[in-house]
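K.L.:
Next come the chains, spelled out residue by residue.
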Amino acid sequence: MKLKLSFVALLAAVLGTAPVNAAKIRVVTTLTDLADFARNVGGDQVEVRSLATGIEDTHGVPMKPSFVPLLNRADLVVLAGFDCEHAFLPALLDASRNPRIQLGQPGYVDCSKGIDPVEAPTSTDHSEGDVHPYGNPHYMLDPVMAKTAVSNICDAFVTAAPQYAADFKKNRDAYLAKLAAKIMEWKAEMAPYKGAKFVSYHEHWPYFAARFGLDYVGTIELKPGIDPTPRHIEELIGEMKAQHVPIVVREPQFPEKVPALIAKQTGATLIKLPIMPGGVPDTDTYIKEMDYIVNTMANALKK
Amino acid sequence: MAVLASALVSGTNLPAQETNQPIASRPAGEVEQLKRQLQQMQESFARQQAEQQKQIEALSKQIKALTKAQPAPTTIPSPPPANIAGATNTVTPDQFRWLSDKVDEVVAAQKKTLMSEFNPAIGLVGETIFSQQSKGSAQNGTGYAGGFDAYQRSVELNATAAVYPFAKGWVVANGSADAATGETSLGIEEAAVQTTSLPWNLTLTAGQFFGEFGRLSYIHDHELPFVNRPMVLDQYVGGESKTAGAQASLLLPIEHYVNLTAGLGTQLGDDPDAIGTYRSFGAVNYFGRLSTYFDLSDNWNVECGLSGLFNPDSGNVNGVLQPDGLTSLTATKRQVVDADFKLSYVPLRDNQFNSLTWGNEFLYSDNQYLATPTAGGSAYADTVGAWGMYSYLAYKWSRSWRAGFLFEYLQNDQDGAARTYGYSPYLTWAISHWNQLRLQYTHTQPNVASGIQPNDAVYLQWSWIIGSHSHGWTQR
Chain Z
11 MKLKLSFVAL LAAVLGTAPV NAAKIRVVTT LTDLADFARN VGGDQVEVRS LATGIEDTHG
71 VPMKPSFVPL LNRADLVVLA GFDCEHAFLP ALLDASRNPR IQLGQPGYVD CSKGIDPVEA
131 PTSTDHSEGD VHPYGNPHYM LDPVMAKTAV SNICDAFVTA APQYAADFKK NRDAYLAKLA
191 AKIMEWKAEM APYKGAKFVS YHEHWPYFAA RFGLDYVGTI ELKPGIDPTP RHIEELIGEM
251 KAQHVPIVVR EPQFPEKVPA LIAKQTGATL IKLPIMPGGV PDTDTYIKEM DYIVNTMANA
311 LKK
Chain P
3 MAVLASALVS GTNLPAQETN QPIASRPAGE VEQLKRQLQQ MQESFARQQA EQQKQIEALS
63 KQIKALTKAQ PAPTTIPSPP PANIAGATNT VTPDQFRWLS DKVDEVVAAQ KKTLMSEFNP
123 AIGLVGETIF SQQSKGSAQN GTGYAGGFDA YQRSVELNAT AAVYPFAKGW VVANGSADAA
183 TGETSLGIEE AAVQTTSLPW NLTLTAGQFF GEFGRLSYIH DHELPFVNRP MVLDQYVGGE
243 SKTAGAQASL LLPIEHYVNL TAGLGTQLGD DPDAIGTYRS FGAVNYFGRL STYFDLSDNW
303 NVECGLSGLF NPDSGNVNGV LQPDGLTSLT ATKRQVVDAD FKLSYVPLRD NQFNSLTWGN
363 EFLYSDNQYL ATPTAGGSAY ADTVGAWGMY SYLAYKWSRS WRAGFLFEYL QNDQDGAART
423 YGYSPYLTWA ISHWNQLRLQ YTHTQPNVAS GIQPNDAVYL QWSWIIGSHS HGWTQR
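Here the protein sequences line up with chains Z and P, keeping their order. Each residue of the first sequence is one higher than the last, beginning at 11 in my numbering. Each residue of the second sequence is one higher than the last, beginning at 3 in my numbering.
The hints are simulated quantities; they were obtained by calculation from the structure and are not laboratory data. Don't take every hint at face value.
What the hints assert, rightly or not - No more than 25 Å apart at the CA atoms, straight line, and that leaves these computed lysine-lysine pairs for PhoX-like: (1) P:Lys104 with Z:Lys157; (2) P:Lys104 with Z:Lys123; (3) P:Lys63 with Z:Lys123.
Chain P with its partners taken away, still in its complex shape:
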């Protein structure tokens, strides 16, 4: 059987003496003869195998040489010479093309190391913040623990992929520590689906995501141009503009860039509104944004936007005791408007080494509350008008280094008389695209009505990315 197998593999004809008689029953001389034949055939097989190996190697060398000589094969390469050294058969152009395609496929398969070719593309962002606060957490108004602290603000795992040809989905899970208590919790920041091919330049997003409101509210912490989200966004919006709902976005079909977004959600910011057994459409957050852009010259440009947030019946159940201790406020209607404006100098030639950005955002809050006197008496409706803003100037003078200054002003959205100023110079060292250190000093100066103390803080932020990372549109 082994002889037969060898013969089949090597393509050699079976010896004439071959019979179906079992070897054990044959005379000794015949057995010896068969053994010799077997040995000869095995040697012949080995020779042929070696010869074919040489032919394969010769072909491979030929392909390599041709590929080097013609690195841009727009058309099919000329057929190799009729007889390749060491080969016994002629290689036709079709055979050559087939072999070349096979080699290309193998090479391409070996290169499948691109992270974004995973399905989904997965990346992880880590962010550690070391801080030193001059006041304790009860007095500094920052949310950070007093004195020295080191805490992992976030470990953000993100995954994104196409859901089907006309939609994509993404998830951002974030493990973060509470700044004051240090307790770590894991939460889903975003889990949403978005259409990619609706007509009329429409995009529909549904699920839990950062609703498009303002300029920096829908940007993750580690993508901010400074260490902390501005106070006004923390207070008026509730930090990141996280919402659970839906959002439609329309790119106007004109030559100028204008984008219009409208959405609704059961929350916008940190916490859901109107938690209860029944929520009517009157207790939902409605938000929208109109944004546009102008090229002032090749190197100078302006982006600006107007946003609005309205919840007719926010229905927050827990009253917040005011610093005066005399009243407790329960939000009943939420109304915030926002105007943002960013002027940028981005020189075309060396924009990776040089840029200047002046970013501003102004918010006006006109919330309605139900005020309940702590000493007793009937509750009454109270509308508090308050405004706040931030403005920053950032200059980049090399690929790695930039510095900036952030100014903040905030009127408390529950007491317009309570005001806080913030001043923050900062220095950023972008060691690479995926690794960045930032040093920031912040002085906050509240007035007496705010009930908190002036605070000096130093932050050192180290953020890093591993895995897939895309340069997204919102982070531009």
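Chain Z with its partners taken away, still in its complex shape:
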């Protein structure tokens, strides 16, 4: 009987159905903001690794084979969702041979659950560029929406290790309270600039703009994932001049040449804003990243 039970336990462990008890929960996140949330919520009970280091494009994290063993051993994979990671995550999950973290399994933690997306296309025709069929996936740049991601991560941790549920919920509440206080600060800092206009390279900022009352005029990319044409640049410059747009945002992973040209031609200020923690120096946490974004934007608009 004992032998039989041991065999069942071994089989369960091999098949990946063993409950997470003694060991830490092994969490792999796609992006660094999610890793930061996971560390804050999971505390000492989790071991968190992020595929991205922070300087990559959220859609273009290189598909390294060294990620495969990480994912193979993971209890949870945490992702932004809305197809944000479509260029690398599905293939990596496929290669990971880990049934626990496949789509539809409890170990597949889609943080977009509960987020109401903007810009959901009515058609996924490729003539619209590299569209995200579920809507714009860059909701993490709205700190209020980021709270939903934090809660989703907490829920997943509670499911994976219910014995630590109280700790996870306590950590979540503490982090959300900290975030709420920062949100008040950021809103206060941005309050004088309601209605301020800006453009960016990629369509990263609709949620941020809506949260802080900014007017997001357009993007340098012709369409998502499609490089700008000379005609598009010309039209964008015309539009910016007509609307007196004072800010051009360049995300660090995109080349500086065209944004700099547009800023020069329109007299706008060019600023570089990260899209996840670690995107620029001294932004290794989500709060530091948002601090940087809000401060940089506010300072540029002050001029």
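Please build the complex by placing chain P on the supplied structure of chain Z, with the hints as guidance.
P.N.:
Below, chain P alone, put in the same frame as chain Z:
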């Protein structure tokens, strides 16, 4: 009856005068009175309908406003005010949640336009190649028609889906034209099933598929980094490593990436081996590959692999006449080993705009043949050792543009003295993820023993994708 129906719909009580007596048999005054009542009730019904419509609209506006105010509803939103403008009933939080969920479901249903949500996901790849060869097809050794040619190399229809919770399946059907004759044929390139949840990191694939041998053999033509498959893969492997059989793949359960694959099939490459009335296990192709990867730094990495192919009795029945015209060779044993190595610079920050790749593959063929003198005499066994390789360097300097240079060397696997060199600079314009143009010049320089002529060729390749397209692991 219409009055009754209206009354039921509107919830109004039936008039007191209502009887079961047919209208036609009643006095005229009573009929007129009933008609007036009917008209009043219809008007009342219309008013109530309009009022309810207003209530629905008011509720919808309320939901929209609340959704905008609270875009991240981690918890259930606060209940709306007790009396919504224009509404006569109180909306409870439960009712609000129910209605909100319904609206979400409708919105989600309207967004069901994602192509990969079809079952199966279906995509189509087209590839057209315009070419200009300096020599005719008999002398250029490329397989292309001589002079100018435009041909549709492939129209590849692929479909993939889960078969059940623990396996997936896929089919790739390819309509392609023969490069020399232009004749088009439709064939199944792949039709296979693969497990997804076997223990011990195992994956089992069965059916017809591209067996894992080498680095570029199991990649479809349109996914190659240059226009044509390297000569050495065409000759030693038979183009794509198409096999009909089974393959097991093991990801070693260690912290370092090491993958081991082993398979068997009735063919590996273009044509089945040992076609006949009876095939023993001694006449089957056995192949395997060991691959690994190293991060040299955040931006530099190396992938490498070792592969082997062995068929103890390939049993090809048709002898191939050698260029010297003196012997005809029939392959009896097939043995190929392969080593591949790829060094990549992929900067994390701007990898979509900048990268450098140096890819290499070396193959050694040690096939055994039965040599039959054409002038008569007894046949004898002959082992031909030959090796070939390719090496390419590709540099990407923007999201759309990259350029590369491919060098090839090949010893004929039936005559090691017959050698060919190939030089191919190329330029790729990836207009988008689904649309790409490539211009390539290739000079092939065979020696005299090869029996073919030096050739200069220019290729313009246009490949495009419609429908579902995934960024697969093998194409990374």
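K.L.:
Give a verdict on every hint.
P.N.:
Right, here's what the structure says about each hint:
Of the pairs offered as hints, the one joining lysine 104 (chain P) and lysine 157 (chain Z) holds, with about 24 Å between alpha carbons and a cut-off of 25 Å not exceeded. At most 25 Å may separate the alpha-carbon atoms for a hinted pair to count; lysine 104 (chain P) and lysine 123 (chain Z) meet this at roughly 16 Å. Taking the CA atoms of lysine 63 (chain P) and lysine 123 (chain Z), the gap is about 23 Å. The hint holds against a cut of 25 Å.
Violated hints are absent here; each numbered hint is respected by the structure.
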